[in-house]
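Using the sequences and the accompanying hints, generate a full structural model.
Single-letter residue listing:
Protein chains: 2
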Amino acid sequence: MPTVHDLDTPSILIDAARAEANIARAQAHADRNGLKLRPHIKTHKLPYWAKKQVAAGAVGITCQKIGEAEVMADAGLSDIFLPYNILGRAKLERLKALHGRVTLSMTADSTDTLEGLAATFTDAGHPLQVLVECDTGMGRCGVQTADEALALARLIDKAGGLAFGGLMTYPAAGRATEAEAWLANAKQTLAASGLACERISSGGTPDMWRSSDASVVTEYRPGTYIYLDRYQVAKGVGTLNDCALTVLSTVVSHPTPTRAILDAGSKALSSDTLGLKDFGELLGAPDARVTGLSEEHGTVTLSGDAKLRIGERVRVVPDHCCVVTNLFNEVNLIDGETVLETLPVAARGLMA
Amino acid sequence: MPTVHDLDTPSILIDAARAEANIARAQAHADRNGLKLRPHIKTHKLPYWAKKQVAAGAVGITCQKIGEAEVMADAGLSDIFLPYNILGRAKLERLKALHGRVTLSMTADSTDTLEGLAATFTDAGHPLQVLVECDTGMGRCGVQTADEALALARLIDKAGGLAFGGLMTYPAAGRATEAEAWLANAKQTLAASGLACERISSGGTPDMWRSSDASVVTEYRPGTYIYLDRYQVAKGVGTLNDCALTVLSTVVSHPTPTRAILDAGSKALSSDTLGLKDFGELLGAPDARVTGLSEEHGTVTLSGDAKLRIGERVRVVPDHCCVVTNLFNEVNLIDGETVLETLPVAARGLMA
Chain Z
1 MPTVHDLDTP
11 SILIDAARAE
21 ANIARAQAHA
31 DRNGLKLRPH
41 IKTHKLPYWA
51 KKQVAAGAVG
61 ITCQKIGEAE
71 VMADAGLSDI
81 FLPYNILGRA
91 KLERLKALHG
101 RVTLSMTADS
111 TDTLEGLAAT
121 FTDAGHPLQV
131 LVECDTGMGR
141 CGVQTADEAL
151 ALARLIDKAG
161 GLAFGGLMTY
171 PAAGRATEAE
181 AWLANAKQTL
191 AASGLACERI
201 SSGGTPDMWR
211 SSDASVVTEY
221 RPGTYIYLDR
231 YQVAKGVGTL
241 NDCALTVLST
251 VVSHPTPTRA
261 ILDAGSKALS
271 SDTLGLKDFG
281 ELLGAPDARV
291 TGLSEEHGTV
301 TLSGDAKLRI
311 GERVRVVPDH
321 CCVVTNLFNE
331 VNLIDGETVL
341 ETLPVAARGL
351 MA
Chain P
353 MPTVHDLDTP
363 SILIDAARAE
373 ANIARAQAHA
383 DRNGLKLRPH
393 IKTHKLPYWA
403 KKQVAAGAVG
413 ITCQKIGEAE
423 VMADAGLSDI
433 FLPYNILGRA
443 KLERLKALHG
453 RVTLSMTADS
463 TDTLEGLAAT
473 FTDAGHPLQV
483 LVECDTGMGR
493 CGVQTADEAL
503 ALARLIDKAG
513 GLAFGGLMTY
523 PAAGRATEAE
533 AWLANAKQTL
543 AASGLACERI
553 SSGGTPDMWR
563 SSDASVVTEY
573 RPGTYIYLDR
583 YQVAKGVGTL
593 NDCALTVLST
603 VVSHPTPTRA
613 ILDAGSKALS
623 SDTLGLKDFG
633 ELLGAPDARV
643 TGLSEEHGTV
653 TLSGDAKLRI
663 GERVRVVPDH
673 CCVVTNLFNE
683 VNLIDGETVL
693 ETLPVAARGL
703 MA
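Chains as they are written, first to last, in this note's numbering: chain Z, 1 to 352; chain P, 353 to 704.
No lab work stands behind these hints: they were computed from the structure.
Any given hint could turn out to be false.
[Claimed, not checked] Not everything, but these chain P residues come out facing chain Z in the computed CB check (under 10 angstroms): (1) Val-356; (2) Leu-359; (3) Pro-362; (4) Tyr-400; (5) Thr-465; (6) Gly-494; (7) Val-603; (8) Pro-607; (9) Ser-618; (10) His-649; (11) Leu-679.
[To be verified] Beyond 10 angstroms from chain P on every Cβ pair, some chain Z residues (computed): (12) Asp-74; (13) Gln-144; (14) Arg-175; (15) Ala-214.
Just so it is clear, the structure is predicted and the values come from calculations on it, not from any experiment.
Ideal Cβ positions, reconstructed from N, Cα and C, are used throughout, including at glycine.
Printed below as a string of structure tokens:
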């Protein structure tokens, strides 16, 4: 079997055992707390892991783009949630085809989106489940009040080919309590009008770990938990030893004693730091900081006893693993130094 | 012929006439000032444009990865500069194969890199041109002093299968004067030792426009000049009307009167702002600012008279066009609203 030494750089390495352990740990937490897991595949974009997540007990998967859902449906995934406002005839036609082959659920946060869905889905015998997206503090998509949620839920409920599926939110970081209160209030408002919220879906890996069966949330859509990254470590979700994804890189230059240059730049590590200082963590070299990126170069600033030599290979834990996955055409599953399998990132770069 | 209305979103649109005009204008400037142009293909990653650049008068092209150079060689480009330290047997073997089919030149900034090149290229009858990379203020790769440049130039000159090709730099933004002084001094130091610098290669679109025949630089490697972007406009290189690349996007949500959400997030526009405020410019809507991105959502903040409606399509000029190109599998060449051709981004995502 090939080893990591046979791989050219930069390459993505996925420690398969760590990813499996991360899946199992989250599923066990969800099971203990009576929560359903519906992992977001944006982090890995691989049918391989989506199937493992479902086999471990996930009720289905979450995709953000129809193209991603199509790839997953082709691979045999059968229950897909697409929490996105879908507009326009081309996308609605693809959505309809998808509804014919998998158990599909969707979101909407406006009458415009609902009108398109209602005009496309008209079969009362096989209605499309539509959840109302709620802005519980994130400031992105979503209705602003419980009354708005009620108005949309009523429209869904009345549309012949749609079925009201519940509420969905992506909570603001660190504001799970506010999100919880928002959703509880909306649930009550809808219940008072005879609309039951059997499914309340929330997102975010850190919040999932703080949730319990006391929550109004019935389902979580964690993405990053499978690989983890420097941001998740900063949030206390795990340690660097739990991070499954690293970028294998070569030191290509060492112009001064305190500066080394990697062949992994923003094209490999992305510019998305999620607000962290530095652009990744060099494993085994805490005094070697990734302080700058241009497209094809990563600048490492050395202090203390940190030493790197030209030609040396290093492994970098990125700040945000999801966006790194989207930059590579393939990933390498590893066990120690052995490369178990090289997988094409099947749902990579799908825009529509 | 299809029109932009037939495209799904998000998609890249390239105004073909603008790109051609940008090519012609830069080439005319170079010709007037006795400079050679060697465009960096990282911006477009397309043989289509590389051929147009050479047809307009460029002496060859610049690639940053061997994979990019291989794609361009396959498409018939015959003179390729790879200003990157290449290390490791796999890459050196590919480099050797490339040297057998195109006019190839390289850079090195260390004895380590030179040792690999010297061991791989041994044919004195067909030597590999190697330039010395110089750090003239950028703080990335490159030798730090003229004496270091001299030492490496001598090693190249003595290696049987290598030929000293001159000096190369990527200057720090806004510090072309310092770079010029650095290079002039190094050229003189080498000349005093009998080593002529017939080629001195510099980079960067803004600097190219400030250069003249009084410069020690003989060759420029501009990348962004072909498409331009919001950063180049901020630097005064052109206006928004010269920007050839836009991202076509749909308004998918409008949760509050002052907030609209686009289906173009960091997966389409990238998180790389090059230090600019905001993540792109909405054409025709100066009061609609792209104030935030998550992976699949772009947040637009509306003020003044700015109005957007759900389902409406908008065009966004990104902050940094090169990194946007790398995110899409294809681009659409347009003339007005007509889609002339849809091209796969052949050299996209090539890491090694």
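Right, here's what the structure says about each hint:
1. Val-356: violated (13 angstroms)
2. Leu-359: holds (9 angstroms)
3. Pro-362: holds (5 angstroms)
4. Tyr-400: violated (20 angstroms)
5. Thr-465: Where the cut-off is 10 angstroms and the nearest Cβ of chain Z is about 7 angstroms from Thr-465(P), the hint holds.
6. Gly-494: holds (6 angstroms)
7. Val-603: holds (8 angstroms)
8. Pro-607: Since chain Z brings a Cβ to about 6 angstroms from Pro-607(P), closer than 10 angstroms, the hint holds.
9. Ser-618: Status holds, d = 6 angstroms.
10. His-649: holds (5 angstroms)
11. Leu-679: holds (7 angstroms)
12. Asp-74: With a cut-off of 10 angstroms, Asp-74(Z) remains clear of chain P, as the shortest Cβ separation is near 17 angstroms.
13. Gln-144: Per Cβ check, Gln-144(Z) is inside 10 angstroms of chain P; nearest 6 angstroms; violated.
14. Arg-175: holds (15 angstroms)
15. Ala-214: holds (28 angstroms)
In summary, the structure is inconsistent with hints 1, 4 and 13 from the numbered list given earlier, while agreeing with the others.
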